[in-house]
Amino acid sequence: AQSVDQPDAHVTLSEGASLELRCSYSYSAAPYLFWYVQYPGQSLQFLLKYITGDTVVKGTKGFEAEFRKSNSSFNLKKSPAHWSDSAKYFCALEGRDSNNRIFFGDGTQLVVKP
Amino acid sequence: NTKITQSPRYLILGRANKSLECEQHLGHNAMYWYKQSAEKPPELMFLYNLKQLIRNETVPSRFIPECPDSSKLLLHISAVDPEDSAVYFCASSSGTINERLFFGHGTKLSVL
Chain C
473 AQSVDQPDAH VTLSEGASLE LRCSYSYSAA PYLFWYVQYP GQSLQFLLKY ITGDTVVKGT
533 KGFEAEFRKS NSSFNLKKSP AHWSDSAKYF CALEGRDSNN RIFFGDGTQL VVKP
Chain D
194 NTKITQSPRY LILGRANKSL ECEQHLGHNA MYWYKQSAEK PPELMFLYNL KQLIRNETVP
254 SRFIPECPDS SKLLLHISAV DPEDSAVYFC ASSSGTINER LFFGHGTKLS VL
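So the sequences go chain by chain: C and D.
Taking the numbering used here, the leading residue of the first sequence gets 473, the next gets one more, and so forth.
Taking the numbering used here, the leading residue of the second sequence gets 194, the next gets one more, and so forth.
Among the hints, a few may not be true.
So these bits of chain D aren't anywhere near chain C, every CB distance computed over 12 Å [what the hints assert, rightly or not]:
1) Ile197
2) Asn210
3) Pro235
4) Leu240
5) Ser254
6) Phe256
7) Glu259
8) Pro261
9) Ala272
10) Val280
List time: in silico DSS-like cross-link candidates among lysine-lysine, alpha-carbon distance up to 25 Å [claimed, not checked]:
11) D/Lys228 x C/Lys585
12) D/Lys233 x C/Lys560
13) C/Lys521 x D/Lys211
14) D/Lys233 x C/Lys549
15) D/Lys228 x C/Lys560
Treat the hints as calculated values from the structure; they're not laboratory data.
Cβ coordinates follow ideal geometry from the N, Cα and C atoms, glycine included.
Hey, can you work out the whole structure from these sequences and the hints?
Here you go:
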């Protein structure tokens with residue numbers, strides 16, 4: 473079985489602050505992990521993915537994420553945050569034996585105040 | 194994003210039958226249907242990889258997917274239910290493992 477947990481349904485911070493959105497996963501082997509962003513009324517856009525190797529992966533729009541096997545986490549980070557980063561962020565997992573099925577966490581709604 | 198097109202954009206139905214269409218111009222081998230209800234994450238309904246169907250067994254039988262060729266995906270819905278109100282996203286990927294998804298703009302279905 474595999475699952476993704478995003479414990480923070482909402483995060484609010486001020487522009488210029490550092491943002492970190494939390495994601496933890498449960499999977500019996502090393503997973504493939506992704507972050508996607510969804511702006512209001514739009515579809516999902518890919519930000520970055522972790523496959524193997526380096527624990528910090530860089531993505532689009534200035535985001536990066538750190539994979540920590542020790543606590544099964546894959547947190548998304550950006551500094552500084554900009555008001556245009558306000559959106560819903562989804563962490564997703566693909567298991568190595570899942571036949572390309574990708575499962576999404578519940579998402580974190582981020583509000584960055586100008 | 195014109196690389197994956199979905200039609201229609203909006204659909205308002207009573208208890209009727211309807212089909213959603215999707216076409217991708219990326220040369221991908223895998224195509225997906227996701228359902229996103231309000232304030233929820235996308236939930237995988239069906240996946241075709243090289244035209245082999247993998248289904249989410251929790252999806253009601255009134256939803257029937259069809260993949261006439263590797264670039265097209267259809268979702269036939271018979272006798273829609275109010276709980277079917279959601280945005281239905283088509284997505285595609287290369288079909289190899291750990292590849293990102295490309296999403297269409299979605300079809301918003303409202304059931305009266």
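Checked hints:
| no. | hint | result |
| --- | --- | --- |
| 1 | Ile197 | violated (9 Å) |
| 2 | Asn210 | holds (25 Å) |
| 3 | Pro235 | violated (5 Å) |
| 4 | Leu240 | violated (6 Å) |
| 5 | Ser254 | holds (20 Å) |
| 6 | Phe256 | holds (17 Å) |
| 7 | Glu259 | holds (19 Å) |
| 8 | Pro261 | holds (20 Å) |
| 9 | Ala272 | holds (27 Å) |
| 10 | Val280 | violated (9 Å) |
| 11 | D/Lys228 x C/Lys585 | violated (30 Å) |
| 12 | D/Lys233 x C/Lys560 | holds (10 Å) |
| 13 | C/Lys521 x D/Lys211 | violated (36 Å) |
| 14 | D/Lys233 x C/Lys549 | holds (22 Å) |
| 15 | D/Lys228 x C/Lys560 | holds (16 Å) |
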